[in-house]
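Student: Chains as they are written, first to last, in the numbering used here: chain A, 1 to 384; chain B, 1001 to 1384; chain C, 2001 to 2384; chain D, 3001 to 3384.
Hint data in this document are derived by calculation from the structure and do not stem from the laboratory.
All C-beta atoms, glycine included, are put in the ideal place defined by N, C-alpha and C.
Keep in mind that a hint or two might mislead.
In the DSSO-like style, the derived pairs of lysine-lysine whose C-alpha atoms are separated by at most 27 Å in a straight line are [unchecked claim]:
(1) K1004(B) x K2058(C)
(2) K2076(C) x K2348(C)
(3) K2300(C) x K147(A)
(4) K2276(C) x K3232(D)
(5) K2318(C) x K1058(B)
(6) K3318(D) x K1276(B)
Beyond 10 Å from chain A on every Cβ pair, some chain D residues (computed) [what the hints assert, rightly or not]:
(7) R3175
(8) G3233
(9) Y3269
Number of protein chains: 4
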Amino acid sequence: MTEKIPTLNIGMLGYGFIGKAHANGYKQLSYMMWPPPAIPYLYLICGRNEKAVSEAAKRYGFKGYRLDWKEVVSDKRIDIFDNCAPNHLHFEPTVEALKNGKNVICEKPLAVNGELAYEMYKISKDAKGKSMVAFNYRFIPAVILAKQLIDEGRIGRIYHFRGRYLQEGMVDPNRPLTWRLRKEFAGKGVLGDLGSHIIDLARYLVGEIVAVSGITHTFIKERPLSDNTSQKGTVDVDDAFESIVEFENGAIGTVEASKLCHGRKNYMYFEINGSKGSIRFNLERLDELEVYFANEGTNKIMGFKDVMVTESSDPFIKYWWPHGHIIGWGNLFAHELYHFVDCIINDKDVAPQGASFEDGYKAAKICDSIEESSLTGKRVELKY
Amino acid sequence: MTEKIPTLNIGMLGYGFIGKAHANGYKQLSYMMWPPPAIPYLYLICGRNEKAVSEAAKRYGFKGYRLDWKEVVSDKRIDIFDNCAPNHLHFEPTVEALKNGKNVICEKPLAVNGELAYEMYKISKDAKGKSMVAFNYRFIPAVILAKQLIDEGRIGRIYHFRGRYLQEGMVDPNRPLTWRLRKEFAGKGVLGDLGSHIIDLARYLVGEIVAVSGITHTFIKERPLSDNTSQKGTVDVDDAFESIVEFENGAIGTVEASKLCHGRKNYMYFEINGSKGSIRFNLERLDELEVYFANEGTNKIMGFKDVMVTESSDPFIKYWWPHGHIIGWGNLFAHELYHFVDCIINDKDVAPQGASFEDGYKAAKICDSIEESSLTGKRVELKY
Amino acid sequence: MTEKIPTLNIGMLGYGFIGKAHANGYKQLSYMMWPPPAIPYLYLICGRNEKAVSEAAKRYGFKGYRLDWKEVVSDKRIDIFDNCAPNHLHFEPTVEALKNGKNVICEKPLAVNGELAYEMYKISKDAKGKSMVAFNYRFIPAVILAKQLIDEGRIGRIYHFRGRYLQEGMVDPNRPLTWRLRKEFAGKGVLGDLGSHIIDLARYLVGEIVAVSGITHTFIKERPLSDNTSQKGTVDVDDAFESIVEFENGAIGTVEASKLCHGRKNYMYFEINGSKGSIRFNLERLDELEVYFANEGTNKIMGFKDVMVTESSDPFIKYWWPHGHIIGWGNLFAHELYHFVDCIINDKDVAPQGASFEDGYKAAKICDSIEESSLTGKRVELKY
Amino acid sequence: MTEKIPTLNIGMLGYGFIGKAHANGYKQLSYMMWPPPAIPYLYLICGRNEKAVSEAAKRYGFKGYRLDWKEVVSDKRIDIFDNCAPNHLHFEPTVEALKNGKNVICEKPLAVNGELAYEMYKISKDAKGKSMVAFNYRFIPAVILAKQLIDEGRIGRIYHFRGRYLQEGMVDPNRPLTWRLRKEFAGKGVLGDLGSHIIDLARYLVGEIVAVSGITHTFIKERPLSDNTSQKGTVDVDDAFESIVEFENGAIGTVEASKLCHGRKNYMYFEINGSKGSIRFNLERLDELEVYFANEGTNKIMGFKDVMVTESSDPFIKYWWPHGHIIGWGNLFAHELYHFVDCIINDKDVAPQGASFEDGYKAAKICDSIEESSLTGKRVELKY
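The shape of chain A in the complex, shown without the other chains:
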């Protein structure tokens, strides 16, 4: 049976936090999600610091490493180019890889602004390879279950979506000015980093966003430089935003994110209210989904059900453990990369389960529009 499992050669750009998550994902899917459509072979890893990239290659078992991403995207042996670089390096390597016929998975946000993201989306449409944006929260079993319930009509017509992604990572004013806090490298601040996640989930679960009002704000305007903490530099991106969103289907709601929320470690929460029920989700307890079905409950014995999404019948769960044995954040990448591998091998569309470059573009456009609304004080209608 296993003799016939093909392999796909991976070329990865970046080896930081998110590169580690992807490497772990490729490895786990190879034996946990058995039999996989293909076995990912960790072929090349790429970064500018030779000491660090060579150590990463050894650690994760990559066959080799490169210092220049151009050597990766042009390498004929590479099947999948996996772009885990900072935001400002999403555009050029990804476009080059697409033009070279590679399958490309690119970290979110797709680009530092909607314009560049649109160009990437256009190129992806004509490209030979598959392309996917690494919005990994589309691969949380509880989130997929939420989507299934919505698609089956269990929640009815949707009235509200409330999404927020709150962290505390920037509340200390002495946290240095990393690339994420500089427009040049990140494009946007919390809006692009956390906001894009919850905006993508809003679109995945509820549908197209057609108008936004918003304010973005930078509360802590100066921070120590990363390489010289005795000097301060300017934070030129937001560290918090608030927005009102309107959906094509008539639903209205709010989307907000901040890294100034003490006690919120990695709190991405959404609540959806519909004519037949409600859904709640919290990333810090990602194995649970809270649901309320108006038609389920005799004699008013009704309330939110705290559902452990760990049944073998739940999305992706059959590959893991018996029910009640929770999976963790790291396991989501096995789901995500399995899906991408499956789309490549079996020629499937990455969307709607995964985020296409069109999804990546639209999320970027929405982020741009929230910024625009903040500047003009006006509601912005989206035209994609």
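Model the placement of chains B, C and D on the given structure of chain A, informed by the hints.
Tutor: Leaving out everything else, chains B, C and D in the frame of chain A:
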């Protein structure tokens, strides 16, 4: 000791759900919050339906009843006029009572719009009697504790306020067109009914609101008439709204309310994030306050504390039971009315613990501005 | 309609914490639970300290007071004798009152041991008046709902009951030696005070207990005297116990209580597991009941439902507020006393909704048996 | 740096649910817990079914497979013998491996009864290799943190331990008669399977258990045969037990487990109350620990803190993700096997972090004593 407790004669307009709550509050404060500054004497109750109002008089022990509120506000024996009537009846009786020198407590929202509320505020300033808006959630021990923590600086500089008041009461399209759903009687829909509560708490806890963006919406546009359910009438007020709020002190956040949220029975929630900590509150568990103090916790043993606000040292709790023996929603009215009685007897300002008519006006003005923003698609700066 | 409401004259012994709760209960039921079967008239209150008892009489509006309980139980005008005295004063006044034909409600535990409780039970059987033990937790709407679900078979055959009642009140070794900590006055310690509550609920919900094993323990063996804190006295009752219980219907479980549990303010919790579902309850959130129905949930969308027991269709709730507006601990006494009044006026059995003296005796007997098991190290079979 | 990492050859017996967990653990520790003391090399896997074991070898990347465990324990190239077989196969292969000088990790319970476990313990003392019982819950970061807090005295003198392990897996009477339900293969039922886990944690966290009272019970006495579901066989082990435990340090409490608890998917819970604070843990939310510190909280702002045990300073967490990004049940095996590898390479004692064979023996002895108490109806004092 008790010989000297004076009495105050109460004249109440309205005997529905909220009148019952006030009657119970007057009674409970008389013996639970011992010794009270004065014993409220239930003197007159007023309503148009004689059968119902006479029954209410017997039930609650009022000395007498009237069918015309003018006889109440002009009765010389009345010390406190308590306006529990629907919104459109807040203005005239309240103004008349103030002019007659009565102390007046008026249910929220103070008026059907900011203009009328402003007039009431102006009249109240020159009136002989005390005046208070019955924003009863200012009298939740956990909410008062939250304010104390904020005032003591335990949360530091406030970055965010997120308030929402969600119920499910209007999700059934066959729920009839009560006065709350008609502009003529209610002024606004959920925005005035639930929104005014959470807006008042935002001001009470965080400070003045200086700008809003918002959308109001009516999802269910027709409902059966109350008195003839085979016919339908138009809902001409909102059944949901979303808004972004900006505070004078720089904090930003969201305020939203809806009665279309399945599973949310009476969910008024707020979260406040500051430079030193965070606070969360949920009305459905009103005896608890969740707090996170960044400076409390060695070796990263930190997290939200679920505090039962039932210690004898907690606001108003000494009058009730030992810790852990929770109080209910009904008990809040004893606190509120005790405070009003105390302000009258001891000539204290009703604010900031209670809501003054100035507070009532500003809440109404903010509601107006959210409506305006929804119409114009523009951010509205508040000028009070 | 209300003209015909009769009155019942109350004679109460004790005016401390629990007397306050009963007084409040009598008052609230008179207008909240409208129309009541009878209006309780607070006639006499009794205690040894004249200053205190006269003040209590004024506070709660009793018509008069007495210093000797014999004058209360023999007073012909008294319809209900309400015994809120410490445990050692339950026997004699209650027996006397019963012999005088009074209706008697007696605080729990019924007596300081099973032998005396048995005598009270026997006397009650031949008495003219109704008799009830004030196990007030039988009057929590969520608990009554739990019983309804069990009686309807929604949980199926019961396998397990796990009950615990945890508080922190005795964890400070400087808390003085009150009557509750002295065998002479209390009979038992935590076993009688908290244990009897959870044992009564076990019997109410699951059925007869036929065997126990247990250990009782006194961790803090000396405490300052109440009236002279510079001296210490011996704690001669338990401050914690653990027990295994076996039910007539085959269910097995544990019952335990302690006042040495930091962070537990008033945590009485039970969990019941049956062949068709499970139930959980926590007194600190007494408006909620968590239920799991194995037959409710398509496609494994199953989990514990957090039910707010605040619907007008829920037990006793129609008398209070709209759903989601929680009731508090104090409100339970209105339910309890309403029930007793209803049984008197309409000649109903106090059980099974309320606890009869038979129930009080059996709870006392079970407490005795847990003590016996602790002494002998052997399982004790109950013979009532 | 990585050139010098040694390798250890693994020989594993069993390839079911728990074998999968171990295989995943060996793989993950090799690159996540970087640099590891040694890289585990998956050398041999063993089972009786050639088709299945050869497939497992391919899936997990074992170099080879065997059908007879004797070939594994005697193979000179094997450094670690990992016994993932059913309980009745723990004794002989483990003893043989120890005698052959292997390092041995054996799944829990160590043996089908205390007598055999004692023999294994004695042999392990004189053996050349390291030995460890795979009580994996000792490797939950939150549990280790709990132990640290206890050891630092943050909880003070311990009064109570309450442990329960509840699942619903056997509530369906049509679930077949697997080896876990047959005394011949399992030794005990829920008592050995779930009970041994919570008993081990009680000892790990609180200290030695010196006496028990208990009852074991089999509610569902017949089940369909695994290989012929039209026939039924007898369940000759318990499916639930209750027990009272007494600790050497004076603490008392309860330990219980059942697989008949609807809604409980994998609920292992413990609560510890001490003179200075309390601790709560729930396996279904294994990234959280709830703590209450009596000395932490000004002005009674006190409550249970819900601590996310996901800080880089928390046990084992630095190897994973940023805080708030939860780990799952599967990750615990990387911790456990890392520890065993570390003990081997750096000649450390497996206890007290890991469970020694002495720990395994004592847990087995306690299980035996609970069974004995159930038979005799008497409290059993433990003599190890």
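Student: Are the hints correct? Go through all of them and say.
Tutor: Evaluation of the provided hints:
Between K1004(B) and K2058(C) the alpha-carbon distance is near 12 Å, which keeps this suggested pair within the 27 Å criterion. Our distance criterion of 27 Å between C-alpha atoms is met by K2076(C) and K2348(C), whose separation comes to about 23 Å. For the hint linking K2300(C) to K147(A), the alpha-carbon distance of about 15 Å falls within 27 Å, and the restraint holds. A distance of roughly 22 Å separates the Cα atoms of K2276(C) and K3232(D); the hinted pair therefore holds under the 27 Å criterion.
Distance check on the hinted pair: K2318(C) and K1058(B) sit about 19 Å apart at the alpha-carbon level, within 27 Å; holds. For the given pair, K3318(D) sits about 25 Å from K1276(B) by alpha-carbon distance, which is consistent with the 27 Å threshold. Its beta-carbon lying about 13 Å from the closest one in chain A, R3175(D) satisfies the requirement of being farther than 10 Å from that chain. For G3233(D), the requirement that its beta carbon stay farther than 10 Å from each beta carbon of chain A is met, with the minimum near 23 Å.
The beta carbon of Y3269(D) sits about 12 Å from the closest Cβ of chain A, which is more than 10 Å, so the claim that it is off the interface holds.
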